[in-house]
Every structure is written in structure tokens, then in C-alpha cells.
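Undergrad: So you can see what is in the structure, the chains are spelled out below.
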Amino acid sequence: MFNKDTLEQSGALRRKWEDAVKETVSKHADQKKDWTTISNLPIKRVYGPEDMKEMDFEKDSGYPGQYPFLRGNQPTGYRGRNWTFRMFSGMGTAAETNKRWKYLLTTGQTGLSAAFDMPTLMGYDTDSPKAMGECGRCGVAIDTIEDFQELVEGIPLGKISTSMTINPPATVLWAMYCACAEQQGVPLTKISGTIQNDMLKEFIAQKTFLCPPEPSVKLISDTIEFGTKYVPKWNTVSISGYHIREAGSNAVQELAFTLRDGIEYVEDVIRRKGLDVDEFAPRLSFFFDAHIDFFEEICKLRAARRMWARIMKERFHAKNPRSLWMRFHTQTAGCSLTAQQPYNNVVRTAVEALSAVLGGTQSLHTNSLDEVLCLPSEQAVQIALRTQQIIAEETGVTNTIDPLGGSYFIETLTNEMEEKAWEYIHKIDDMGGMIPAIEKGFPQMEISDASYRFQQQIDDKEKTMIGVNRYKDEKEKTAVPILEIDETVEETQLKKLADVKRRRDNRKVQSCLQDLKSACKTGKNVMPFCIEAVKNKVSVQEICDVYRDVYGEYRDPGIY
Amino acid sequence: MNRKIRILLAKPGLDGHDRGVKVLARCFRDAGFEVIYTGCHQTPEEIALTAIQEDVDVVGLSCLSGAHNALFPAVVKDLKQNGAEDIVVFGGGIIPEKDMPSLHKAGIQAIFTPGTPMQATVDWLNEHITPRD
Numbered sequence: 006m007f008n009k010d011t012l013e014q015s016g017a018l019r020r021k022w023e024d025a026v027k028e029t030v031s032k033h034a035d036q037k038k039d040w041t042t043i044s045n046l047p048i049k050r051v052y053g054p055e056d057m058k059e060m061d062f063e064k065d066s067g068y069p070g071q072y073p074f075l076r077g078n079q080p081t082g083y084r085g086r087n088w089t090f091r092m093f094s095g096m097g098t099a100a101e102t103n104k105r106w107k108y109l110l111t112t113g114q115t116g117l118s119a120a121f122d123m124p125t126l127m128g129y130d131t132d133s134p135k136a137m138g139e140c141g142r143c144g145v146a147i148d149t150i151e152d153f154q155e156l157v158e159g160i161p162l163g164k165i166s167t168s169m170t171i172n173p174p175a176t177v178l179w180a181m182y183c184a185c186a187e188q189q190g191v192p193l194t195k196i197s198g199t200i201q202n203d204m205l206k207e208f209i210a211q212k213t214f215l216c217p218p219e220p221s222v223k224l225i226s227d228t229i230e231f232g233t234k235y236v237p238k239w240n241t242v243s244i245s246g247y248h249i250r251e252a253g254s255n256a257v258q259e260l261a262f263t264l265r266d267g268i269e270y271v272e273d274v275i276r277r278k279g280l281d282v283d284e285f286a287p288r289l290s291f292f293f294d295a296h297i298d299f300f301e302e303i304c305k306l307r308a309a310r311r312m313w314a315r316i317m318k319e320r321f322h323a324k325n326p327r328s329l330w331m332r333f334h335t336q337t338a339g340c341s342l343t344a345q346q347p348y349n350n351v352v353r354t355a356v357e358a359l360s361a362v363l364g365g366t367q368s369l370h371t372n373s374l375d376e377v378l379c380l381p382s383e384q385a386v387q388i389a390l391r392t393q394q395i396i397a398e399e400t401g402v403t404n405t406i407d408p409l410g411g412s413y414f415i416e417t418l419t420n421e422m423e424e425k426a427w428e429y430i431h432k433i434d435d436m437g438g439m440i441p442a443i444e445k446g447f448p449q450m451e452i453s454d455a456s457y458r459f460q461q462q463i464d465d466k467e468k469t470m471i472g473v474n475r476y477k478d479e480k481e482k483t484a485v486p487i488l489e490i491d492e493t494v495e496e497t498q499l500k501k502l503a504d505v506k507r508r509r510d511n512r513k514v515q516s517c518l519q520d521l522k523s524a525c526k527t528g529k530n531v532m533p534f535c536i537e538a539v540k541n542k543v544s545v546q547e548i549c550d551v552y553r554d555v556y557g558e559y560r561d562p563g564i565y
Numbered sequence: 349m350n351r352k353i354r355i356l357l358a359k360p361g362l363d364g365h366d367r368g369v370k371v372l373a374r375c376f377r378d379a380g381f382e383v384i385y386t387g388c389h390q391t392p393e394e395i396a397l398t399a400i401q402e403d404v405d406v407v408g409l410s411c412l413s414g415a416h417n418a419l420f421p422a423v424v425k426d427l428k429q430n431g432a433e434d435i436v437v438f439g440g441g442i443i444p445e446k447d448m449p450s451l452h453k454a455g456i457q458a459i460f461t462p463g464t465p466m467q468a469t470v471d472w473l474n475e476h477i478t479p480r481d
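As given, the protein sequences belong to chains E and L, one line each in that order.
For the first sequence, the working numbering gives the first residue as 6, with consecutive numbering after it.
For the second sequence, the working numbering gives the first residue as 349, with consecutive numbering after it.
Where hints are given, some of them may not hold.
The calculated lysine-lysine pairs, modelled on PhoX-like cross-linking and capped at a C-alpha distance of 20 Å, are [as the list claims (entries may be wrong)]:
(1) E:K135 with L:K425
(2) E:K506 with E:K135
(3) E:K482 with L:K446
(4) E:K37 with E:K466
(5) E:K526 with E:K38
(6) E:K37 with E:K49
(7) E:K278 with E:K526
(8) L:K446 with E:K480
(9) E:K500 with E:K542
It is worth saying that the hints were derived from the structure and are not from the lab.
As the structure is a prediction and not an experimental result, all values here were calculated from the model.
Please construct the entire structure, taking both the sequences and the accompanying hints into account.
TA: Encoded structure:
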């Protein structure tokens, strides 16, 4: 990026600077010996032209909207449109969550995002013994389409985009959304939103699963195929690094494992469904964590965009420019928040949100200050949303695109993170792909190593968490109001489910389940069968039991 | 020489947040304990039976989904029903302060919440658990 003269000048000035550093340090030592990111990447005292001399402007950077999209997908950046303010929410019953959603829409939120409770996430109904104590606790409980109808009551599905954090039963919940849209008179071609539907990261990190990896990926390919043909505005998978990071990975691992998961899905759809990469790649979406190490996160997001463009072009020979775009949602890091002195979390979240914006996110969830203690209260959610609005409308950071592009440090760290991520990707390629790697426990062990090391660093005070290992307040009592989940939620939900099961046409239910079962056995796309089933009030668990029955049940091997 | 402390770490219920329990599994191993970790999604009954089969001294339960009030006491009950009330049970996770008295009363002997240094749990185990012969 620099000509010979500049590099020579810079070299001479750098030597002078190094002498000055030596002299200063001899009189006044640095505060500590090692300076690293939170992921333990070493950081130099200063960066200059020589650090990025190998970088080629056209090949490695370009302008926004130009390959390899280092500087953003859109030529107009945030001037054309801000990122989507998308706050994740869900608790208790569908009716309660619907109320929260309507409130959020009045406060300026621009997209909905549903959190489901554990039984729903794992494909169990509220009346399963496995669901004991979990109903409505960390999200909304959905058993049948009647719950889903309450959830979206009065919400115009043709106008609002909805993200649903649902993985193993993604086919079922998406089928419910499609069926509800139809009931509102909205055609499938008009609905937009996202299902997370990324099972590989579940085996690696988040640990909600039904079936083994292979059939789990098959179900994902079904949704990608169905979306490509009938629901063209839907993102059928959100390939997620967030959970990988929250499970304790470092930033490079998050980057590498997420992209390698993406490669796995693309290969499966091409192989299994015979679709051309350009038919479906534009609807693939991604989801990253914005952790507390400010510059590392910006670099990670920039590197991710460039790497995906390269993967699409060089590995899959995609031609449609939209296939090359990595579109991603970001959430600030839940694991960076502390139960101690919880109001400090507002500051952490603001810094993390800013890094996501400077990294060019398309959509953002900001955590509420109380999320480490309970589901967020309305007031805490409002502060979190206002944090995004302040960044977007007060700070001026949206004035120019990729404002840190060209910084010696940012470009160098972006390049280094990309390089380290490729090493992981090549290693997983050599193992035969992500499924064999997961079966060997490779990504799980890498994460386990990283999280244990981080905890040791916290305990040894090598890394700081304010209020936890420094500046502790020994007399502290929890100061924030705690949102309580009504203890009657489970009872209400159980009554409702029993009532639906009594009222519905149970012969029709059985025939829907039989049809789905034979579709699974013959390798047909399950989506049309799921839609038919949910319309006939077949429950989440009843459908998931078919999957467990046909494809087998996966048990956590408990690798540490 | 004393036998090593033998500990079962387990996650009851459907919660998949296993970062904390896995970090502790490593930490306890490094502290010289014999550690058994059975992975996510165990029922209280499965946990109790594993504890008995593996002849552990202590069971550590982890739950971050909010279902601790139902699940932790269920493990204690299942241990008791199977004649293993001598196995000590402790827990950790996102446990609001107001839930602690009832959990203690139900037989959960200690509860560790986010921000606890690993060494504090090791110290507690060394102080409170005597390996059975």
C-alpha cells in the first residue's frame, strides 16, 4: 500500500522512535510486560506503514460495496440506512411476549426477535416431564400454533421482520410463522425474518439438540431449499459465532468456526439439493458477538466480511455479488457483563455496541444491564435500546463509512486475525469438514481450553473484570429490580395445551405425523409436511419426536 | 493416604450453558479431585443414579436457565430415596439471592454464583468433604 520512499522514511523515523522508547522505558517502566487482546493476541506498542506493506489496496481492501467488502457491503454505509435495532425478547406466555413486542415497536425498535423457553428450544412440550420447572423461564413457551397465533396477534407480518432464535425445532416454528402469515392473508413471498437454525454451533457451543449432526444439517438444507423456492425474503439460517464466543472461545476461534460452519451448510445444500450457490447464498446470514476488546472486535467483523467474500468467490465460484456479502447481526457480549455492580454493564454494552457499528453490523441487539441476573426488565431494555439510538443519532459515527479503515493498527490486526482463522479452517478441512471435527471433539476442546485459560487469567488478575477481580464492593447488595416470572405460567400453559389437545381433530393429527414420518424416511423436504401439521395443531414435541424417532437422538458427550 | 475427593458435576434439566461447569471440571481435576462430568440435559433421577453408581462423595449441580428451584431439590430427593443422603450436594449458576434460603433448606449445602473465583469452590470442597473409605 506504500511506495518505497514512504517505507524508507517511515523506517528511519521508526528507528528514532524506538530509541526514544528505550530511553523512556529505562527511566519509567511500562505498567506491565505483556499487552494482549482479551483473546491473548499480542499487540505492539505502535503500528506503522511497514506493518501493512504487504497489503494490496485492490485485492485486500477496495471501497465499500466493492470486493472483498472489507469496508462494508453497501456503497452508502449507514447514510442510506441505519442498522436494524433488533432487541431479543420473550418471556412467560405468548400473550405476555406479544405485549412486550408491541411496547418495543412503540419505542422505535425496527425489528422483532423472539426468545423461546428451554422446552421449546429442545423440542419438548410443557407437559413433558423433561420440561419441569423451565416453562416460560428464559423465553416464551410455544406448544402449538394457538400459542404462536397469540404471539403475533396484531403484528403485521407482511411489514415487520422477525428473527426467531430457534435451532433444533426451527422447521416447526418457521412452519407456524408461515401458517400464521397465511391466516393474516400475507403471502409467503412477502414475509421476512430469520430463523437461527444453525445446528453445528449447537453441537460446538450452545447445546440444544435433538438429532445427530448429519440429519440436523439435512433439516437445515430442507429449510434453505424451501426458502429459496417459496419464501425468498427469509433468512433461513443465521450462522452464529455468538454462542461459540459466549461458550468461551477467543475471537479468532469464533471467526474460524463460524465461517467453517457456513462452508459446511453451503456444501450440503449444493450436494444434497443440487441448487446453484447463487440461488441460495444471498439469503445466508451471520451472527457475531461484540465482546469488550474494542479493536479486536472491529477487526474480527471486518475480517469476517472479507473472508466470506473470498470463500464464496474462490471456493464456491459464486457470481452473484449478493452471494459474496456477509450480512450479519451482532449482539453485545452477555459473558462480559457482571452480576456485581450491574450498572457498569450499561457502559460495557455501549462500548461493545460501538465496536459492532464500527465493524459495520447490519443489525444489533444490545444487552440490558440486568441480563446477567434475570430476564430484562422494561426499563433496562429501554436503556439498552437508547444506547443504540445514541450511537446512531448523537455520536456522529455514522457520518462516514468504515472510519477506522486504513488505520495501521486496524488493518494489521484484521489481517492477522484472518490469517489465524484460515489456519483453523484448513485444519478442519483436513479433518474432513465440521461434522467429523465435531465428532472428534475438536472445536469443543479448543473452546474449553480457551475458556479455562480465561478464567485462570481472571482469577490470577492477569485480565480485569471491574467489580469482580478489581474495585470490588464487598458490602454490595443487588441493587437492580429483578424481573420475576409469574409462577402460574406453567400451570396456565399446561391447561392451554391440554385444552388444544382435547379440541383438535386427533385423527388428522395422527395422519399428519404419519405423513411427516414417511417424508423423513424417504428424504423428502419436511417443510410442507410441517406446515400442514402445525395448521392441524400438532405440537412442537409431537413433530420433534418424529425426528428423534427417525433420525435418532443425540446425547451431549460432555467433552471438557 | 486419604482417598481423593470424588465429584460428579452435572447439569440437570434442559439448560445448555455449560461454560461454567466445564471450567470447574478442569479446575477440580487440576486440584487433584476425581471428576465425572455427564454433559447437559440430565434428569435429576439420572444424576442421582450416576452419583450412586460412581460412588461419589459430592455432586455439583449447574443451572443457568432459572429452573434451579425445581431441579436442585429433586436431585437431593432422588438421592435420599435411593439411600444416598450422605452424598453432599452443592450448586451454582444464576441463582437469585431470594431463592437461596429455600435451596439450603432443601439440602443444597452451598451455592456459588457468577464471579466466584475457582479457588473458592476448591477451598469449600476441601473444607467440607471428607472422602469416604
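Undergrad: Decide, hint by hint, whether the structure agrees.
TA: Each hint, compared with the structure:
| no. | hint | result |
| --- | --- | --- |
| 1 | E:K135 with L:K425 | 17 Å, holds |
| 2 | E:K506 with E:K135 | 19 Å, holds |
| 3 | E:K482 with L:K446 | 12 Å, holds |
| 4 | E:K37 with E:K466 | 12 Å, holds |
| 5 | E:K526 with E:K38 | 61 Å, violated |
| 6 | E:K37 with E:K49 | 13 Å, holds |
| 7 | E:K278 with E:K526 | 16 Å, holds |
| 8 | L:K446 with E:K480 | 17 Å, holds |
| 9 | E:K500 with E:K542 | 15 Å, holds |
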